[in-house]
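If you number the sequence shown the way this note's numbering does, the last residue is 1044 and the count never jumps.
A portion of the hints provided could be inaccurate.
[What the hints assert, rightly or not] Quick list of simulated restraints, FRET-style, between CB atoms:
#1 D994 - E1042: 12 to 20 Å
#2 S943 - F982: 31 to 39 Å
#3 G1008 - R934: 25 to 33 Å
#4 E968 - P1007: 28 to 36 Å
#5 E940 - G963: 35 to 43 Å
#6 H938 - G963: 25 to 33 Å
I should point out that these hints are in silico values taken from the structure, not numbers from a laboratory.
Quick caveat: nothing in here was measured; it's all calculated off a predicted structure.
All C-beta atoms in this analysis are idealised placements derived from N, C-alpha and C, irrespective of residue type, glycine included.
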Amino acid sequence: MGRWRDGWGRLVVHGESVSATVPLEIAASYRARTKGLLGRDSVEGAILLSPASSVHTFRMRIPIDVAYLDRNFDIIAVHTMKPGRLGLPRLRSRHVLEAEAGAMAEWGLRAGVRVSIEAE
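Make the full structure from the sequences, and use the hints.
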């Protein structure tokens, strides 16, 4: 897909043992990407920051799971970050997924898994 627009969609996880469809918020504008999950107490599903290669959790209220995706939507790495942390940039990362801590393990997201995005 070309350029994304801020909006909603679905994250589809294509795992070997787990296949999941998750509600997704798409943050493609500079303003939406810089806000991300700041100031929220929870998140329904996940948020896609695109383009993005790193994130921080300064001023966040909750720990989050962060998945770094390459241009083909293959997951490069998944980390849980506590509030007040700075994530290192991933050179091959083109997109970042954020969700509440623990959610990505439930969905089967880990390095090597491919996901797809269905925008509404």
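Looking back at the hints listed earlier, which ones does the structure fail to meet? 4
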